[in-house]
Amino acid sequence: MSFKMLSLKSTALFSAALLSIGALGAISPAQAVVDCTNATADTDTCTVLTINTFGDVIEPALVSDYKRLHPEIKLSIKKSDLDALNGTGLYTQCAAGGAGSPDIAAVEISYSGFWRSYPQCFIDMRTLHTTVGNKTANDIKKDYLAWRWDQGVGYNDNVIGVPTDVGGLEVAYRWDLFKAKGLPYKRDDVSKAWSTWPKFIEFGKKYMAKVSPADKKKNVGFMDNAATIYAAIMNQGTMKYYKNNGTDAGQLVYKTNPQVKLAFNTTIDAAKAGIGTRIGQFSSDWNVGMSKGTFAVMLSPAWMMDYIKGQAPTTNGKWDIADIPGGGGNQGGSQLTMPIKKAGMPNHKQQAWDFITWYLAPDQQLKVFQIYGLFPSTPSLYKDSDLVGFKDPFFNKAPTGAIYADGVKKLKPIFEGKLQRCIDMAMGSALSLVINGKEKVSTKAFAKGLSDADKCK
Amino acid sequence: MSSVAKVQAKPVINKKPKWQKMGPAGYIALVLVTFLSLFPFYWMFIVASNGTDEISKIPPTLLPGPRFFTVVSHVYEALPQFNQALLNTVYVGTVVAVAQVFFSAIAGFAFAKLNFRGQKFMVLFVILTMMLPSQLGIIPLYMLMGNLGFIDSLNALIIPALVTAFGVFWMRQVIDAQVPNELLESASIDGAGVFRVYWSLVLPIIAQSSFVLGLFSFLATWNDFLWPLLVLQTPEHFTAQVAVNQLKSSYAIDYALNMGGAFLSTAPLIVLFIFVGRRLVRGVMDGAVKG
Amino acid sequence: MSQTAVSRKTNKPASPWKPAKPPKKLNNPGAVLSLNGKWGYLFTAPFFVMFLIFGLAPIIYSVYIAFFNWDALGTQEFIGIQNFVELVADDRFWNALMNTIDIWLLSTIPMLILSIGLAAILHNPNLRGSTFWRTILLVPNITSVLAIAIVFGQLFGRDFGMVNLVIGALGFEHIDFIQGTTSSHVAIATMIVWRWTGYNALIFLAAMLAIPGELYESASLDGANKWKQFRYVTLPSLRNTITFVLIVGTIGGLQVFAEPLILGGSYNGGDSGQFSTLTLFLFDQAFVAYKWGYAAAVGIMITVIVAIVSFINFVITRRLAGDGK
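Chains as they are written, first to last, in this note's numbering: chain F, 12 to 468; chain R, 4 to 294; chain C, -16 to 308.
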């Protein structure tokens, strides 16, 4: 933590930014001359570090910071869709012996179990040492939530990834729309009113009762998509499709784990109650609906807050954050990994490791939280006044830091197994059959989900 | 069943028989088709120049807005290498087009005009392979490219595309239909070698068709996205389609940005089409099965 | 680009230069015999070498792994035909097959009717600006599927898509194109129809222009009206062209892939696989389930299906051609 002590921890975000710019002024002119903005390949002065990522795992403000700190490094960032990145991309690259591998690749939590079973595809971070401080993966392990760290440890105990954020799950809601419909709208009242999922569904029904028929015809609903409840409930148990039996691979329990059925049935109850708009998340209608009030509630992992701000800037101040029914939950988060590379490709192990350790250090995670809302995976920050005291004006000055910190503390570590993503998709597809009315009998859909999940093996 | 015909259009058209009148209904249908054909391009521009909010109003804006250059600058902000991507695409497309025409024409000539053992079998083989879904081999091909060190290089797009069964087949048809045997025979009896005959007699005749094949190869290369997406890693090596997909992939779906990118990646094709559209039309019609 | 002609090298007038005594059996009846055939090997060699390495070898390798439980990053175990046995029992495969056929029908039939109709309009010798109209028809064909799928995806949006705004303005309920089975097929078929109608209209136009004008004149002298001329002169002459367009459309249609991929944004073909197609299923198995052996088996099944359908088409073509003579 010495790095952190030296830093600008106690100052607020903007002064921190100002100071770092000030610090730049003091950098020797020789360094300032280096300009690698247009570098496309390594030169004598420039190193091009390739990063494959999705969404906003690598945040632009921090990229600018790094450019100031290390003008000799050019970060070349390629974004892909999640499955294309963590599936097709990494898989083909590893199968081709690391041909085409980037220096750094983000691996999302739903794929973490999968890649843990193929540690040979990644560089073991225990073998790397930072330029400053000579730290290996073993040295920084203590900074991170233990269960998040374990998601980046291969079956052979190699450290293959360092955790980015924690996707602590809460609920974002439009307090203005709640108020207009005569429902509780203050965050504590709301949290209390929907303390359990059945109560949440009841709440939604009350909301729907106040929606005019004309609006209903326009597909106005209580929440964006009831199907999202499934993942939330799954993430609230102690296990999902796997049981942690002490082995690396875990034990498949999706057929017997009652949590699966509970999540499935509750989701269908919610859908049948008609509280969701059935808009697909990340579709165009979803983006538009977010700013138009087509729905008033979204289950919101911390990273979703930035998404709402970006997509619905006109709703500034009209959102608030309440506790998720059932309490706690995690959705999303990634590890930054370093895939193996084929012999003869540029070797940037040192630069990549230096970047990863910088980017995911508590200081930088705090900054990411303050600017973008992604919740840190470094527990030392959970008591930090900059985090706990942070109030987000966009969310009606909700103390988002404190709310998400509480939620994350309640989290029980869940074992993510190899076939997590595949089984999730099979179950999601079965849910969708019922929600979209293609299968009337939910037990039949459930059975189909399980049998499709069998085919993942 | 007839073979690929030479252009037979002109004489028929020139007759202008009076057995049909052109009523307004026909023109209305054509105007409608024109509208439907062009509307998606127009819509790209509308969204790119207005922003997502404007187009999701009811009723939506149907006129170009003032934000086009803002959106374009956003595209370049999100992907500073967009111009590079367009250049890369032109480069790959041109190399592939030239190579395909070259290899297809010479092989097509052999299949059409030379008599050698196994010719029949080879032609059959070419036809059969056209039926194979190319996606079937994509994984081993990737591994092969890896072994050759072509991953994340434009070579990975060029090398596997240098020859296609379709190109060879098409050229065989063209040469068969357009080059009269008598011409080649008289030349060869006068002592010209096979290559000489090909070079100075066949090539000039099939120049037009070669150009069309080249254009279609160029367009196909320009529009391909699955394979490039798989093998290209660094933004400096992207092609136009990968660049557009890149804009699409951040999970904030910004329709103005997406459509701006789509528009920028399509505009060069439209410009190209203005110059070569008529030739392409002729090429398509020349290659048609008639009767 | 798939304008090909299926040609046979018969009925060529005998060349006066041909040797009086033809060799026992010609490998290539249309060849110029005074040219040294040996050059054929050299001329076709670059194609075959490149094609074998980069086209055929990967496919053959895929066929090989179809008989394995193939984990490219782990172990490979030979399992005989078990992949195929499982595939035949896999309802996701049949779902993908039915979707593919449905999309194929929904796109092919309207496309045939529309393109023949358009060709008939363009065929009219009194049409003004015919070059312009023909050129416009080809515009959709040159655009990338990616760009077009972005546009159509937005146009078919449930709440704010242009199509639904029109449907809503007419007083109907909005259609959730992506979520519905048939409606998503309609959306995908629309993209295909949009892309290929003009192209095929040009093919039909070329065929119509090859019909001797005298046929129409005599039909018109016999008192046949426009419709009858079309029905009894034009259509019968298009039989082979229709078959050809059908074959090409079938090969493309059974491999439909890019449109549903971009519309749904992933390989699963919609939340409940409502527009999963055969090729998408192949990719889903290869890159979501990581079962390369199984995916390869899907690929082989696609090839077999394409071959069967093409063979049926071929037989029909032979028969039609036979009828014509």
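By construction, these hints were calculated from the structure, which means they are not laboratory data.
Among the hints, erroneous ones may be present.
If you want a taste of the chain F side facing chain C, the calculated C-beta under 10 Å gives, among others [stated by the list, open to error]:
| # | residue |
| --- | --- |
| 1 | Leu93 |
| 2 | Tyr129 |
| 3 | His140 |
| 4 | Asp296 |
Dumping the calculated EDC-like pairs for lysine to aspartate or glutamate here, alpha-carbon to alpha-carbon at most 16 Å [claimed, not checked]:
| # | chain 1 | residue 1 | chain 2 | residue 2 |
| --- | --- | --- | --- | --- |
| 5 | F | Lys320 | F | Asp161 |
| 6 | F | Lys229 | C | Asp159 |
| 7 | F | Lys466 | C | Asp54 |
| 8 | F | Lys190 | F | Asp200 |
| 9 | F | Lys229 | C | Glu156 |
| 10 | F | Lys283 | F | Glu213 |
| 11 | F | Lys228 | C | Asp74 |
| 12 | F | Lys216 | F | Asp280 |
| 13 | F | Lys468 | F | Asp417 |
| 14 | F | Lys459 | C | Asp73 |
| 15 | F | Lys228 | F | Glu213 |
| 16 | F | Lys468 | C | Glu156 |
| 17 | F | Lys228 | C | Asp73 |
| 18 | F | Lys320 | F | Asp374 |
| 19 | F | Lys466 | C | Glu156 |
| 20 | F | Lys459 | C | Asp74 |
| 21 | F | Lys466 | C | Asp73 |
| 22 | F | Lys227 | C | Asp159 |
| 23 | F | Lys468 | C | Asp159 |
| 24 | F | Lys408 | F | Asp317 |
| 25 | F | Lys320 | F | Asp135 |
| 26 | F | Lys466 | C | Asp74 |
| 27 | F | Lys254 | F | Asp161 |
| 28 | F | Lys468 | C | Glu60 |
| 29 | F | Lys468 | C | Asp54 |
| 30 | F | Lys455 | C | Asp74 |
| 31 | F | Lys153 | F | Asp374 |
| 32 | F | Lys227 | C | Glu156 |
| 33 | F | Lys449 | C | Asp159 |
| 34 | F | Lys329 | F | Asp135 |
Okay, the calculated beta carbon distance ranges per label pair [stated by the list, open to error]:
| # | chain 1 | residue 1 | chain 2 | residue 2 | range |
| --- | --- | --- | --- | --- | --- |
| 35 | F | Thr48 | R | Arg282 | 39 to 49 Å |
| 36 | F | Ala52 | R | Arg282 | 32 to 42 Å |
| 37 | F | Lys190 | C | Trp77 | 31 to 41 Å |
| 38 | R | Phe278 | F | Thr138 | 31 to 41 Å |
Keep in mind it's a predicted model, so treat the numbers as computed, not measured.
Cβ atoms here follow ideal geometry from the backbone N, Cα and C, with glycine treated the same way.
Taking the hints in turn, this is what the structure says about them:
For Leu93 of chain F, the interface hint holds, since its Cβ comes within 10 Å of a Cβ in chain C; the closest pair sits about 9 Å apart. About 5 Å separates the beta-carbon of Tyr129 of chain F from the nearest beta-carbon of chain C, less than 10 Å, and the hint is met. Annotation: interface hint on His140 of chain F violated; nearest CB of chain C at approximately 28 Å, more than 10 Å. Restraint check, Asp296 of chain F versus chain C: the minimum CB separation of about 4 Å is within 10 Å; hint holds.
This hinted pair does not check out: Lys320 of chain F and Asp161 of chain F have alpha carbons roughly 31 Å apart, beyond 16 Å. Straight-line distance between C-alpha atoms of Lys229 of chain F and Asp159 of chain C comes to about 12 Å, which keeps the hinted pair within the 16 Å bound. A C-alpha spacing of about 15 Å is found between Lys466 of chain F and Asp54 of chain C, which places the hinted pair at or below 16 Å, so the restraint holds. For a cut-off of 16 Å, the pair hint linking Lys190 of chain F to Asp200 of chain F stands: about 12 Å separates their Cα positions.
The hinted pair formed by Lys229 of chain F and Glu156 of chain C meets the criterion: a straight-line CA distance of about 9 Å does not exceed 16 Å. Between the alpha carbons of Lys283 of chain F and Glu213 of chain F the distance comes to roughly 12 Å, so the proposed pair stays at or under 16 Å and holds. The straight-line distance between the Cα atoms of Lys228 of chain F and Asp74 of chain C is roughly 35 Å, outside the 16 Å bound, and the hint therefore fails. The straight-line distance between the Cα atoms of Lys216 of chain F and Asp280 of chain F is roughly 11 Å, inside the 16 Å bound, and the hint therefore holds.
In summary, the hint linking Lys468 of chain F to Asp417 of chain F is not supported, as the alpha carbons are separated by about 37 Å, beyond the 16 Å threshold. With a CA separation close to 11 Å, the supplied pair Lys459 of chain F and Asp73 of chain C stays within the 16 Å bound. Among the hinted pairs, Lys228 of chain F with Glu213 of chain F is inconsistent with the structure: their alpha-carbon atoms are about 21 Å apart, more than 16 Å. Pair hint Lys468 of chain F plus Glu156 of chain C does not hold up; C-alpha atoms about 42 Å apart against a cutoff of 16 Å.
Annotation: proposed proximity of Lys228 of chain F to Asp73 of chain C is violated, straight-line Cα distance about 39 Å (limit 16 Å). Proposed proximity of Lys320 of chain F and Asp374 of chain F is contradicted: the alpha carbons are some 23 Å apart, above 16 Å. Only pairs whose Cα atoms come within 16 Å are accepted, and Lys466 of chain F paired with Glu156 of chain C is rejected, the gap being roughly 38 Å. With a CA separation close to 10 Å, the supplied pair Lys459 of chain F and Asp74 of chain C stays within the 16 Å bound.
At most 16 Å may separate the alpha-carbon atoms for a hinted pair to count; Lys466 of chain F and Asp73 of chain C meet this at roughly 9 Å. Between Lys227 of chain F and Asp159 of chain C the CA atoms are separated by roughly 15 Å; this keeps the pair inside 16 Å, and the hint holds. Taking the CA atoms of Lys468 of chain F and Asp159 of chain C, the gap is near 33 Å; set against the 16 Å cutoff, the hint is violated. Taking the CA atoms of Lys408 of chain F and Asp317 of chain F, the gap is about 15 Å. The hint holds against a cut of 16 Å.
With a C-alpha separation of about 37 Å, the suggested pairing of Lys320 of chain F with Asp135 of chain F is violated against the 16 Å cut-off. At most 16 Å may separate the alpha-carbon atoms for a hinted pair to count; Lys466 of chain F and Asp74 of chain C meet this at roughly 11 Å. As the CA atoms of Lys254 of chain F and Asp161 of chain F are separated by approximately 15 Å, the hinted pair is consistent with the 16 Å bound. Distance hint between Lys468 of chain F and Glu60 of chain C is fulfilled; the C-alpha atoms sit about 14 Å from each other, no more than 16 Å.
Distance check on the hinted pair: Lys468 of chain F and Asp54 of chain C sit about 11 Å apart at the alpha-carbon level, within 16 Å; holds. With a CA separation close to 14 Å, the supplied pair Lys455 of chain F and Asp74 of chain C stays within the 16 Å bound. Note on Lys153 of chain F and Asp374 of chain F: the hinted pairing holds, with a Cα-Cα distance of about 15 Å set against a maximum of 16 Å. Using a Cα cut-off of 16 Å, the hinted pair Lys227 of chain F and Glu156 of chain C holds, with the two alpha carbons roughly 11 Å apart.
Among the hinted pairs, Lys449 of chain F with Asp159 of chain C is consistent with the structure: their alpha-carbon atoms are about 13 Å apart, no more than 16 Å. Under the criterion of a C-alpha separation no larger than 16 Å, the hint pairing Lys329 of chain F with Asp135 of chain F is inconsistent with the structure, at around 46 Å. In this structure, Thr48 of chain F and Arg282 of chain R meet the distance hint of 39 to 49 Å, their C-beta atoms being roughly 42 Å apart. For the hinted restraint 32 to 42 Å between Ala52 of chain F and Arg282 of chain R, the CB-CB distance of approximately 39 Å keeps it satisfied.
Restraint check, Lys190 of chain F to Trp77 of chain C: a C-beta distance of roughly 51 Å breaks the suggested window 31 to 41 Å. A beta carbon spacing of about 58 Å between Phe278 of chain R and Thr138 of chain F contradicts the range 31 to 41 Å that was offered as a hint.
When held up to the earlier numbered hints, the structure conflicts with 3, 5, 11, 13, 15, 16, 17, 18, 19, 23, 25, 34, 37 and 38 and fits the remainder.
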